[in-house]
Structures are given as structure tokens and as C-alpha cells.
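J.: Now for the letters of each chain:
There are 2 protein chains.
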Amino acid sequence: METKEIGTFLRQRGLTVSTAESCTGGMIASMITRVAGSSDYFKGAVVSYAIEVKERVLGVDVSDGVVSESTARQMAEGVARVLLTDCAVATTGVAGPGGGTAETPVGTVCVAALVGTHVTTRTFHFEGDRESVILQAADAALGLLWEEMQNIL
Amino acid sequence: METKEIGTFLRQRGLTVSTAESCTGGMIASMITRVAGSSDYFKGAVVSYAIEVKERVLGVDVSDGVVSESTARQMAEGVARVLLTDCAVATTGVAGPGGGTAETPVGTVCVAALVGTHVTTRTFHFEGDRESVILQAADAALGLLWEEMQNIL
Chain A
16 METKEIGTFL RQRGLTVSTA ESCTGGMIAS MITRVAGSSD YFKGAVVSYA IEVKERVLGV
76 DVSDGVVSES TARQMAEGVA RVLLTDCAVA TTGVAGPGGG TAETPVGTVC VAALVGTHVT
136 TRTFHFEGDR ESVILQAADA ALGLLWEEMQ NIL
Chain B
16 METKEIGTFL RQRGLTVSTA ESCTGGMIAS MITRVAGSSD YFKGAVVSYA IEVKERVLGV
76 DVSDGVVSES TARQMAEGVA RVLLTDCAVA TTGVAGPGGG TAETPVGTVC VAALVGTHVT
136 TRTFHFEGDR ESVILQAADA ALGLLWEEMQ NIL
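So the protein lines, in turn, are chains A and B. Residue numbers 16 to 168, in this note's numbering, belong to the letters of the first sequence in order. Residue numbers 16 to 168, in this note's numbering, belong to the letters of the second sequence in order.
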């Protein structure tokens, strides 16, 4: 977990972050806010569990599939726009045990990291039970954000 | 933690829930979505860590104080309105170790539970470190929601 490093990096630069979470259900926001002083750089999160919340609150067009890199990208862009943050991270996937399909089996998670105007997306296939998939997805999303922050800022 | 009981109760009645979280930072949403099948009744959350997110996204007037029962009530009403849910729960408080004042010391948490058109609020004073205050606040909020659901529905 890079939450302390991410926080220090953002605070030093006067930048802010938000999260848009589907399958992680608020876990990433919870991990970020576990760090004392995170209110200096964390503005908030939209947990868009229902498709209509992705569409209506974050302005996502899910026509490429709810679990897709396109949706993850639009969720990150949406939350950065709605909460007015410099950086954002987003997750959409199938934590299981239900909800899997042949095309999108349980453990499939798409994540996006937004840094300024740059957005990077990635698709993961995690093994394990629901709690394990959620934790791995949260770690992967924070890892991608940290990587992109170091690349771009 | 009443997350399973709350879920079963909501599913049986075809009702939905959302959370608006300040000091709990997404912990309540994370606890609710740890339960498999929670997408049947959990629509999402707004983690409004920054005051401007409380104001702009949830429509809260914080003039009674950011940590107040009035703010908690408006957060619950705001998230139920924005995410279109039947029930909602909200938290605003000081998890610490910083941020405390004489009037609002570390550990002060106001919670609200909305069930239909009925909103109940309560103020708690928790002891312990940051993580402990967050967990106690999340439990208290879910407990109040569960109590009100049983009273009203």
C-alpha cells in the first residue's frame, strides 16, 4: 500500500486526489483516509455501485461494458471533474462470488489512474474470494496511481 | 456489524441504501459491499471529505458547523436525493489525531440515518486512536440505521 507515499507526494505539490469505485466499494477511499492528515489532499469519492450512479453522477457511457477500461477511464475522468481534483483512481470489476460471465469472469477488474489530463488504464484477473479480489483491486489501483504520479509529476 | 441483517431486510422489501461519509472515509460503504450480493440494495456512496464536496455535491449548508447533527442530516438527505435511495446513513466528525477543538474534540462524531422521509441524528464521543474512532463511528452509524429501519419499516 502506497497511501502514505502518495499522500506525501501530493501534499508537497499542493495537489488533490479522489476515487471512483465500483467493485472496491469504498475500500480505496478508506485506505487513503486511514492516514492522518489525508484531508490535506483527499477531497472525496463516489462509490458508483449501481450503473445508474456511474451514468448520472459520473457521466459514464457504459456501452463498452460496465467492466471495461473505457468505463474505468470515464469514471476517473468523471470523479476528477465532479470533485475538482488533480488526480483520480477508478475501479470496475467482478468481486464475486456471483456476477461472473464467460467474457468477464469473477476476478476481472479494470482500473484507471488519472494524473492531470493523462489517464492510464489496465485490466487485471485476480484469484481468490470476494474480500481478496477487493483488496487486490484496491492495491492495484493505488499502485497504478503511484506509478503514474511518479512518471508524470 | 449489522450489514448482513440490513441487507436481508432491504432485499426482502425491494429497498435501497446509500452512504454519505466524512470522517469514516468510505469505511461504511466498504463494510456494506463486503457482503456478497450487496449490489441488490446498495447503490453507492459519496465520501465528502472536503467541505466543498459536502456543499456542491450533497447540497449541504454547513453554517451550523461541519461537525453537527444538522450537517449529518443534510448529508443523509443529500445522498438519498442524488443517488435516489430509500435509506441513507451519514457521518461527520473528527477522527484525529489532529483537527480537534475545545468545542469539537477528537472523537466527536455526528451520525444520521434516513429511512424514507424520516431522519434521526445522534452525536457520539468516542475514545481511542484514529482507526478506532473510524470503526466505532461506522458501527454506530450502521447501528442507528438498523434501529431506525426496524422502527419505521
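Careful: at least some of the hints might be erroneous.
Same chains, same label: a pair holds when it works inside one copy or across any pair of copies.
Here are the computed lysine to any residue pairs in the SDA-like style, where the Cα-Cα straight-line distance is at most 25 angstroms [stated by the list, open to error]: (1) Lys19 with Gly29; (2) Lys19 with Thr135; (3) Lys19 with Leu168; (4) Lys19 with Gln151; (5) Lys19 with Glu146; (6) Lys19 with Gly113; (7) Lys19 with Gln165; (8) Lys19 with Ser147; (9) Lys19 with Ser85; (10) Lys19 with Arg71.
No wet-lab data here; the hints were simulated from the structure. On a predicted model such as this, the values are computed, not experimentally measured, just so you know.
J.: A separate judgement is required for each hint: does it hold in the structure or not?
T.: Hints, verified against the model:
In this assembly of identical chains, Lys19 and Gly29 lie within 25 angstroms of each other by CA distance solely inside one copy; the values are 15 angstroms within and 40 angstroms between copies. For a Cα distance limit of 25 angstroms, the shortest separation of Lys19 from Thr135 inside one copy, 21 angstroms, qualifies, whereas the shortest one across copies, 36 angstroms, does not. Only within a single protomer do Lys19 and Leu168 lie at most 25 angstroms apart by alpha-carbon distance; the minimum there is 17 angstroms, versus 43 angstroms between protomers. Taking the shortest Cα distances, Lys19 and Gln151 sit within 25 angstroms of each other both inside one copy (18 angstroms) and across copies (23 angstroms).
In this assembly of identical chains, the alpha carbons of Lys19 and Glu146 lie at most 25 angstroms apart whether taken from the same copy (22 angstroms) or from different copies (15 angstroms). In this assembly of identical chains, Lys19 and Gly113 lie within 25 angstroms of each other by CA distance solely across copies; the values are 16 angstroms between and 33 angstroms within a copy. In the homo-oligomer, the alpha carbons of Lys19 and Gln165 lie at most 25 angstroms apart inside one protomer (14 angstroms), although the nearest pairing across protomers, at 40 angstroms, exceeds that limit. Proximity of Lys19 to Ser147 under the C-alpha cut-off of 25 angstroms is found in both arrangements, the shortest distances being 22 angstroms within a copy and 19 angstroms between copies.
In this homomeric assembly, Lys19 and Ser85 never come within 25 angstroms of each other (Cα to Cα): the closest approach is 29 angstroms inside a single copy and 32 angstroms across copies. Neither within a single protomer nor between protomers do Lys19 and Arg71 lie at most 25 angstroms apart by alpha-carbon distance, with minima of 32 angstroms and 28 angstroms respectively.
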